[in-house]
Every structure is written in C-alpha cells, then in structure tokens.
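Residue numbers (full-length UniProt numbering), protein chains in the order written: chain G, 1 to 221; chain Z, 1 to 221; chain Y, 1 to 221.
Simulated from the structure, these hints should not be mistaken for lab results. Among the hints, a few may not be true.
Distance ranges between label pairs, derived from CB positions [as the list claims (entries may be wrong)]:
no., chain 1, residue 1, chain 2, residue 2, range
1, Y, S86, Z, I101, 52 to 60 Å
2, Z, R210, G, R100, 27 to 35 Å
3, G, Q76, Y, H208, 48 to 56 Å
4, G, N187, Z, N186, 22 to 30 Å
5, Z, Y207, G, L202, 23 to 31 Å
6, Z, P71, G, L188, 42 to 50 Å
A few chain Y residues facing chain G, derived, Cβ under 7 Å [claimed, not checked]:
no., residue
7, L36
8, N42
9, D44
10, I45
11, M65
12, G73
13, T75
14, P78
15, V81
16, H99
17, N154
18, A199
All figures in this text were calculated on a predicted structure; none of them were measured in a lab. Ideal Cβ placement from N, Cα and C applies to all residues, glycine included.
Chain residues, written in single-letter form:
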Amino acid sequence: MLPSVSLLDSFQFSQFTTLLVIYLVAITAEAMSGALAAGRRNMDIFGVSVIAFVTALGGGTIRDMVLGHYPIGWTQHPEYVYLVISAGLLTTVVARYLHRIKRVFLLLDAMGLIAFSLIGCNVALELGYPPVVVVMSGMLTGISGGILRDVLCNQVPVVFRRELYASVSLAVCLLFLGLRTMEVENNLSTLVCFAAGLALRLLALHYHWRLPVFSYQQRWE
Amino acid sequence: MLPSVSLLDSFQFSQFTTLLVIYLVAITAEAMSGALAAGRRNMDIFGVSVIAFVTALGGGTIRDMVLGHYPIGWTQHPEYVYLVISAGLLTTVVARYLHRIKRVFLLLDAMGLIAFSLIGCNVALELGYPPVVVVMSGMLTGISGGILRDVLCNQVPVVFRRELYASVSLAVCLLFLGLRTMEVENNLSTLVCFAAGLALRLLALHYHWRLPVFSYQQRWE
Amino acid sequence: MLPSVSLLDSFQFSQFTTLLVIYLVAITAEAMSGALAAGRRNMDIFGVSVIAFVTALGGGTIRDMVLGHYPIGWTQHPEYVYLVISAGLLTTVVARYLHRIKRVFLLLDAMGLIAFSLIGCNVALELGYPPVVVVMSGMLTGISGGILRDVLCNQVPVVFRRELYASVSLAVCLLFLGLRTMEVENNLSTLVCFAAGLALRLLALHYHWRLPVFSYQQRWE
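Model the full assembly from the supplied sequences, consistent with the hints where possible.
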C-alpha cells in the first residue's frame, strides 16, 4: 500500500544519512512526549495517537502551511505516520519505566529540537525566503509541535516557560545561517550546530538557566 | 449577491443528491452543537456565530489547508456560511427544547460524522494522495471541527474521550478505502459505509463502549 | 540582510501612505496587547515575543492561509517581524506606565481593528472571492490575532465577550463592501469606514454596549 518512494531518495538531506536517522529518532521522542501529555489528561488511545502525531509532525505541518510548501512532508511519507502513532501507542505500555531513562529521553528530545530547527531552516532557504523567515521557519518547526500538544491538552505551552528550550532553537538557527553566510561546508556546519546546540541545552538543563520572566498582574479597570 | 454557481453542479458528489442532503443536515447539526458549547461559556451572539461556523466548516477548512486544496470549499459556497450561522443563531432561541430531541440530535450528529469522513476521503483521493493520507483526510474532516470548538471554548477536546466517536470515523474511512480497492460500485460503497458507521456509533452510544484510557500521573521531578 | 524591496512599493495600499502608517501603528499596538497578556501568564521574554508576534501578525497569516494567498505578507516584510518583536520586548520595560495611557491605547487598538478589517477585505477582493468571503476575510484579519493570543494564553477568547469588538469589524466590512458596490471613490470610502468604525467602537466602550449573551447550562445526561 505504500507508494514506491524510497525514504532516502526523497529526503531533503539525502546526503546525510545521519541527519535522517536523527530526524527519525526525534519524531519518535516527540511522539512519546505527546503520548505522556495525553496520559496526564486521561485520554483514550485514540487521543494518545492524535497527540503523538501532532506533537511529532505538527511543527513541520504548520511550517509547510505558512511557507506554502505543498505537498506537506508527511503526506509523502506514510511511514512517518505509522512510526509516530506506533511510538505513541507503545508509550502507553512502557510509560511506567520511562522516568528511569529520563536522561536519555531529554537527550533525544534536545537532538530532536536541533534536527527540527535545521530542517526548518533548510526548507525556507530552498524556497528562497529572506533570512528572518529562515530563522522563524526553523523555530516554527522546532517548537510548534510542542505548542500544539499543550493547546490540545488545555495548558499554557511549556516552551514559553521552560529552560531555554526555544532559545536553543533560535541559537541553532542563527548559527546555521551565520555559518552558511561564511560559506562553511554543509556537513561541518551541521555538526557544529549540533555540538553547540546540545551543549547549550544540556548546560541550561543542568544549571536550570531560564530567560527573564515578565510578570504583569495590573488590572486596567 | 450570491455567485451564479448552482449548489448541485459544483458539489464533488454531484451524482448523489442524497449525500449532499446529508452533508447539509450534518453541517446544520454541527453548527447547533457548536452554538450549545458557546452558550455553556456565556458567549455573546457573535461568539455563538463564530463557534457554530468553526464547528461546522472548520474541519473541511483544516483538511483543505493541509492538502493544499484551494480554493477552500465554503469560500465557493456562501450559502453554507449563511446556513451554519443561521443554525447557530436559531439554536439560541430553541436551545431549551433541544434536549427533548436528544436522540434525533445524536442520530444527525452520527450521520454528519460519517458524511464528513467520506467527503474527506474523496477529496484526498481525487488529489492523488497515498492511502494513509486518504484515511487521515477523512478523519481530519470528521473530527477537527469539534476539536477546534473545544479549543476555542477552552476545554480538553471531548473527541479524545467520547464513546468511539473518532473510531467510527476511522472505521468508516478504512471500510471506504477497502471497498474502493475491491472496486465496489460507488453508490453501494457509500451505502455500506453509512450502514456500518451508523450501526457502530449507535451501538457504542447504547452500550457506552469506550476505548481503553491511558492515565499517566507520574511526575518526573 | 533585508531584501531590497521597498515597504511602500509592495504594500497593497500603496496609494495611501496614511493606511500604511495606521497599519504599522496597529501591529505595534496589537503586539503590546499580546505582550501584556503573556505577562499575565508569567511567560519568559521568548514567550512574550511569540505572543506579540502572533497577536500582531497571526490574523493576516490565518487569512492568507485560508485564502491560499502566498507568500504570506510578513515573510516578504522582515521589518514587520522586527517591529512587532521589538514592541513586545519594549512593553516588558514600560508595562508599569501603560495603564496611564489607557485611552490612547484603546484608540490605537480600535484604529488597528479597522485597518486590519479593511486590509483583509481588500486582499479577498483582489483574489476575486465572493462578497461573503470578503467580509469574513476582513473579520478574520481583524480578530483572529486576538483569538490566537487568548488560546495560547489558555483562556476563552475575549473577542467573543467584549464590547462590540468583533461587531465593529463586521460593520466596517459591510460598510466598505456597500460603498464599493455604490462605486464610491476609494480614499473617501476608507475615510468613511474609519470614521464610522471609530465612532461605533468608542461609543460601545463609553456606554458598555454589549451583544446579547447566550447562556446555556442544561446538562443532557
């Protein structure tokens, strides 16, 4: 039933198998985080599947819709859809053990954030958008899956409050764009972005770095 | 002020007047369910109109945006817009009597869910998308209007928790795709999908069937 | 780094510098209202930037996505992105003084609502959509930024409950369409819409006019 399109052939980073593998790991990790959020709201297994799907592939979907980039990625890759829904459902079985591998999970999540951001930048670059849109496309891909997850679970999105989560995406996008402007070779540039992004995210987690918070409680009436 | 386009001519299922009638009944029923949800949040009549519109036509809008299917359906059918807003406003007048026809309402709602799902499948098929996208397009059309309604009313979407609501959509889409693969004649296939979908939904309502719920309350900190 | 496209050249109302200035004032005021809402939820400065951006430019983005109008406005105007994010961040500094200029703020906000509505109508007209879509495009541009802001801040959208906010947008769109049908000259028509819209909004604020509220608390079980 699958279309005869090789996953590798059509992937926009076909030259790096590494980035594809990281991407697959990333959408799996995001799908699992979505499933856990659905479980906190006592959803049924259908709700779990939807939230897993939206968390993993929603960011890319919104990016493609904003940039007018059709057909949208996952519609050409049914295997991604199966992967994220399977990951979501599997999570309902193994959930009780997941907190034991919390560190692994956070690492995968950070790698996913960086992979998503780089892929988002690349899509906008290939479509010829100006630099500010390239950066926003990277961030949109990186963080809007998590925003959708939180909106559907009826809570204020954590990315607006968590340790430098979105800031890592921004830093990676800016670094990527800077390296590209300096005509650094593509593989090297990806590697540097990954190293810097991971370091920043892990340091932020370890030292609980946060951005300044804006608290405004004044009533106007 | 209406464009001179006949409702029947341009409807994608022009061969079945029946499905069109069911579709019109469906968007009316969905608009009314939206209006009731808005009333539970004490919205003004403008809010009622918006929620009625979004519940009835939002699913098709999201589907068309995801599939890149422009122009979006209702922009070519102003009469749909008038119909759903009128239904929403009328609901504010007759709301007190609606619970007396609860069974009729649930039946119309189930027919709407099935009609939406079949229409969604067909749109994706005509655009040449792979089978998994066809199924997701059907489900997106069937359930995302209700999801939007609940997000705008600031509550966790009920379709993630209600008796087999989304599952009926999934079953109908899979059945439709299966019958099509076996080259069953189109009218017969639609009829079978309706019968099976209605039976499943009504049984689920009667016996309070539910999908297994995933409940996860562990804190990681 | 900015593309060499003059802000004035490509603006769809190039003939009215006035409307462009009002548009810039409007997105600034909307960005500030977004930042204040983010502050009420104790977001970090990244969250403030996102909510400011979404409140100011989200309405136009949704309109363009619904109408299939690509590329989306702000992707061709990086300066708008810088403007709204700067306005959002600046708000965190000056927030404590803003309630003193409440009247100015409400005036700017009303002007923004009208400017957004007129721009939305014009975009749909240029794409050849039927009248009901023109009106909905205007309203979508005028009010959906505020709806997105409230959904992301996890509250029931205030536009569904506030003093004639959305109704002003509707009135302006209908008036604009009516004047156009009567072939009133464009500049005059814009002026009349502004005067009427501002008057209606300010009267509604002063006298606390509200639409009738629909309150429905009946449980069906």
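Hints versus structure:
1. Y/S86 / Z/I101: 52 to 60 Å: 55 Å, holds
2. Z/R210 / G/R100: 27 to 35 Å: 30 Å, holds
3. G/Q76 / Y/H208: 48 to 56 Å: Given range 48 to 56 Å: holds, Cβ gap about 53 Å.
4. G/N187 / Z/N186: 22 to 30 Å: Cβ of G/N187 to Cβ of Z/N186: about 52 Å, so the range 22 to 30 Å is violated.
5. Z/Y207 / G/L202: 23 to 31 Å: 51 Å, violated
6. Z/P71 / G/L188: 42 to 50 Å: Since Z/P71 and G/L188 have Cβ atoms about 45 Å apart, the given range 42 to 50 Å holds.
7. L36: Constraint on Y/L36 satisfied, holds at 6 Å.
8. N42: Holds - the Cβ of Y/N42 comes within 7 Å of chain G, reaching about 5 Å at its closest.
9. D44: 4 Å, holds
10. I45: 5 Å, holds
11. M65: Holds, because the Cβ-Cβ distance from Y/M65 to chain G comes to roughly 6 Å (cut-off 7 Å).
12. G73: Not OK, violated: Y/G73 not within 7 Å of chain G, min 11 Å.
13. T75: Holds: closest Cβ of chain G sits about 5 Å from Y/T75, inside 7 Å.
14. P78: This interface hint holds because 4 Å falls under the 7 Å limit.
15. V81: Constraint on Y/V81 satisfied, holds at 5 Å.
16. H99: Status holds, d = 5 Å.
17. N154: Nearest chain G Cβ about 5 Å off; hint holds.
18. A199: 22 Å, violated
Hint compliance for this structure: hints 4, 5, 12, 18 are broken, all remaining hints hold.
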